[in-house]
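Participant: Take a look at the letters that make up each chain.
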Amino acid sequence: MEALQGISWGIIAPILVIQLILLIIALIDLSKINQTNGPKWLWAIIVILGSIWGPVLYFVIGRKQS
Amino acid sequence: MRDLLVLFQKEWRENTRNYKILWIPLIFVFFGITEPVTNHYLPQILEAVGNIPEDAMFPFPEFTAAQILMSTMGQYQFIGMLVLVLGFMGTISRERKNGTGTLLYVRPISFFSYFLSKWKVVSIIAIGSVWLGLLTSWYYTELLFGNVPASDFFAFAGTYSVWILFVVTVVLAASAWLPTGGAAGVSLALVLVIQIIDSLLGTYWTISPWKISTYATQWLTGSPTMGDFWWSMAVTIIAIIALMIFGTWMSKRNASKTKV
Amino acid sequence: MTLILQAEHLTKIYGAEHAVKDVSFSLAEKSSTALIGPNGAGKTTTLSMLAGLLNQTTGTISLNGETNPDVRKSIGFLPQYPQFFSWLTALEFTEMAAKLSGMDSKHAKIEAQKTLEFVGLGEALKKKTGTFSGGMKQRLGLAQAIVHKPKLLLLDEPVSALDPVGRREVMDLLKNLQQDMTILYSTHILNDAEEMTDQLLFLRKGELVEQGSLGDVRAKYDSPRYLVEFTSEEDALNFAARAPWKVSYRGTLGLIDITNGLPEMKDLLGYLAGSGLTVRKAERQTASLEEIFLKVAGRR
Chain A
1 MEALQGISWG IIAPILVIQL ILLIIALIDL SKINQTNGPK WLWAIIVILG
51 SIWGPVLYFV IGRKQS
Chain B
1001 MRDLLVLFQK EWRENTRNYK ILWIPLIFVF FGITEPVTNH YLPQILEAVG
1051 NIPEDAMFPF PEFTAAQILM STMGQYQFIG MLVLVLGFMG TISRERKNGT
1101 GTLLYVRPIS FFSYFLSKWK VVSIIAIGSV WLGLLTSWYY TELLFGNVPA
1151 SDFFAFAGTY SVWILFVVTV VLAASAWLPT GGAAGVSLAL VLVIQIIDSL
1201 LGTYWTISPW KISTYATQWL TGSPTMGDFW WSMAVTIIAI IALMIFGTWM
1251 SKRNASKTKV
Chain C
2001 MTLILQAEHL TKIYGAEHAV KDVSFSLAEK SSTALIGPNG AGKTTTLSML
2051 AGLLNQTTGT ISLNGETNPD VRKSIGFLPQ YPQFFSWLTA LEFTEMAAKL
2101 SGMDSKHAKI EAQKTLEFVG LGEALKKKTG TFSGGMKQRL GLAQAIVHKP
2151 KLLLLDEPVS ALDPVGRREV MDLLKNLQQD MTILYSTHIL NDAEEMTDQL
2201 LFLRKGELVE QGSLGDVRAK YDSPRYLVEF TSEEDALNFA ARAPWKVSYR
2251 GTLGLIDITN GLPEMKDLLG YLAGSGLTVR KAERQTASLE EIFLKVAGRR
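Going down the list, the protein sequences come from chains A, B and C. Those letters in the first sequence? Residues 1 to 66, per the working numbering, in order. Those letters in the second sequence? Residues 1001 to 1260, per the working numbering, in order. Those letters in the third sequence? Residues 2001 to 2300, per the working numbering, in order.
With the rest of the complex left out, here is chain A:
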């Protein structure tokens, strides 16, 4: 990991913050929504493990809109 020491964490931090915000919004929405396309627990896993794409997939496909 020595090679990564040259990376300034101040620059990387916003990327992680955005991922975290997306994760939190998706989880909040998932907990409030009545129905999802497919089981909720599966979406929870996708959102948590899917890095940036988990929340995006959830918002685009998982959310049952009305």
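For the record, the hints were derived by calculation from the structure and aren't laboratory data. All residues carry an ideal CB built from backbone N, CA and C; glycine is no exception. Hints may be right or wrong, so weigh each one.
Claimed, not checked - Within a straight-line C-alpha distance of at most 30 Å, the following computed DSS-like cross-link-like pairs (lysine-lysine) qualify:
| id | chain 1 | residue 1 | chain 2 | residue 2 |
| --- | --- | --- | --- | --- |
| 1 | C | Lys2127 | B | Lys1120 |
| 2 | B | Lys1252 | C | Lys2205 |
| 3 | B | Lys1097 | C | Lys2127 |
| 4 | B | Lys1120 | C | Lys2109 |
Stated by the list, open to error - Quick list of the computed label-pair ranges, beta carbon to beta carbon:
| id | chain 1 | residue 1 | chain 2 | residue 2 | range |
| --- | --- | --- | --- | --- | --- |
| 5 | B | Ile1245 | C | Gly2102 | 19 to 29 Å |
| 6 | B | Ile1245 | C | Thr2060 | 43 to 53 Å |
| 7 | B | Val1193 | C | Asp2070 | 36 to 46 Å |
| 8 | B | Gly1158 | C | Gly2102 | 38 to 48 Å |
| 9 | C | Glu2029 | A | Ile24 | 54 to 64 Å |
| 10 | C | Gly2215 | B | Trp1249 | 43 to 53 Å |
| 11 | C | Glu2029 | B | Lys1120 | 34 to 44 Å |
| 12 | A | Leu16 | B | Val1193 | 29 to 39 Å |
| 13 | A | Asn37 | C | Thr2011 | 33 to 43 Å |
| 14 | A | Ile24 | C | Glu2117 | 29 to 39 Å |
Given chain A, put chains B and C in place with the hints provided.
Facilitator: Chains B and C only, in chain A's frame:
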């Protein structure tokens, strides 16, 4: 036109409460940051991740600041377009399918206001997201690669915004015309597939909405050919207006298909 | 009697199928009309045309004497299964509905609140409609249909999705509204139609097979009868055998129908008094709408 205001408010509330107002800008900002950052740290990242033998190390090309902004736009041209199409493909068709449109259509609304209210909200989100993303990318580029003059940047982002408006209008008109699945198909074909065709065969013509993004990037390294640029802008704006008329007409015609 | 709406020769064809076939009727101001018919008779299609959602294939609709007008300015419409934007609250939705029908913001808010209280959703004003039960949705549907005080109220099966208590309440609300509005509603529950109606329209396979006031229709299809109940089967038998009218009896309960050659009530009572039979009950019966409906439906 008072119905426009009321419908706009409804649409705004919808996109606030389904979090599109948050997650779509965040995606664009995300790629606005990662593009310069990964390009800058690519050697370190590769070294840390891979067991690349010393002699296999190839020299990394030094990117210019302008190239980084172009590559951010390149991400938007695929992932960004996908997000816009998939995020907004159901804007009108869904209201017919699930029957929520019925209680709007039986009221004395003008279908132009109906279409326009959606167009405005989606455009604000899309343009807002793209600008936030590009501004972030510009800032990171400055930090990691070097300066892109403000005038170049604004000409670039401004030109690209016209393409984004075109995409938004295509998606909404398709949603007014077809069921959600069909709307997604048509939008993706018009936005992504034709984009590829245009880049492959496009040397034969210079005026088309699909050239706008190329002309946008040319502002970063110089300037596009003025005649071609302005004609493409004009054609795109006319296409946007035509698609809005088509979308209004289709919203009205398809209102009878709403679930009662 | 002012006519508010006239439908003439309304026809809706889908492909080869006549969903509605040559239907003509008119609605008097502040009257209530029940559109009755089995499922698939064309009730919803008819209402959708009147609401301006569907264009008729042929025929005309006149509203206040104006032919084929923009009906949307004058109506309130409640679909059979109203769908709401789940992310709006009941108050927000009703307020939006009022504004879209031309009410200014200040009045829209006040009226929306009043209307929601009127339909019994006073407690749920700030709840998201996505959390509503079927009965609450039906009430909200009614609220959005009346909030702008339309002249004509079109309701598709307004009570059939409700439980008995809810049905009772909504019927009472509708009766209340009838003082200010013309109401046209469809139903396949005939008790409801019987309760509130100036005019009946019977639809069957897209055709209007009978229309008129409840009294007229009843007079046409009614076969009045007397029903006499005795305490014993023996008395019932005796009555059937000896009475001067044609009498049939059925069951062990001692129920007697006098179907032919109907006497006056007083003659019947006079006979029964002198017969020495023990009578528990004697009544004149009129056909229920249900029976009329079966007759109309089976006529062709």
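Participant: The structure should be examined with respect to each hint, and the outcome stated for every one.
Facilitator: Verification of the hints:
1. C/Lys2127 / B/Lys1120: 28 Å, holds
2. B/Lys1252 / C/Lys2205: Roughly 29 Å separates the two Cα atoms, so the pair holds.
3. B/Lys1097 / C/Lys2127: At roughly 24 Å apart (the allowed maximum being 30 Å), C/Lys2127 and B/Lys1097 satisfy the hint.
4. B/Lys1120 / C/Lys2109: Given that 30 Å is the threshold and the Cα spacing comes to 25 Å, the pair holds.
5. B/Ile1245 / C/Gly2102: 19 to 29 Å: 25 Å, holds
6. B/Ile1245 / C/Thr2060: 43 to 53 Å: 29 Å, violated
7. B/Val1193 / C/Asp2070: 36 to 46 Å: The hinted range 36 to 46 Å holds for B/Val1193 and C/Asp2070, with Cβ atoms some 41 Å apart.
8. B/Gly1158 / C/Gly2102: 38 to 48 Å: Given about 39 Å between the Cβ atoms, the range holds.
9. C/Glu2029 / A/Ile24: 54 to 64 Å: Given range 54 to 64 Å: holds, Cβ gap about 58 Å.
10. C/Gly2215 / B/Trp1249: 43 to 53 Å: 49 Å, holds
11. C/Glu2029 / B/Lys1120: 34 to 44 Å: For C/Glu2029 and B/Lys1120 the Cβ distance comes to about 41 Å; the hint holds.
12. A/Leu16 / B/Val1193: 29 to 39 Å: 35 Å, holds
13. A/Asn37 / C/Thr2011: 33 to 43 Å: Given a distance of about 40 Å, which is inside 33 to 43 Å, the answer is holds.
14. A/Ile24 / C/Glu2117: 29 to 39 Å: Between A/Ile24 and C/Glu2117, where Cβ atoms are some 38 Å apart, the hint holds.
When the structure is compared with the earlier hints, a violation turns up for hint 6 alone.
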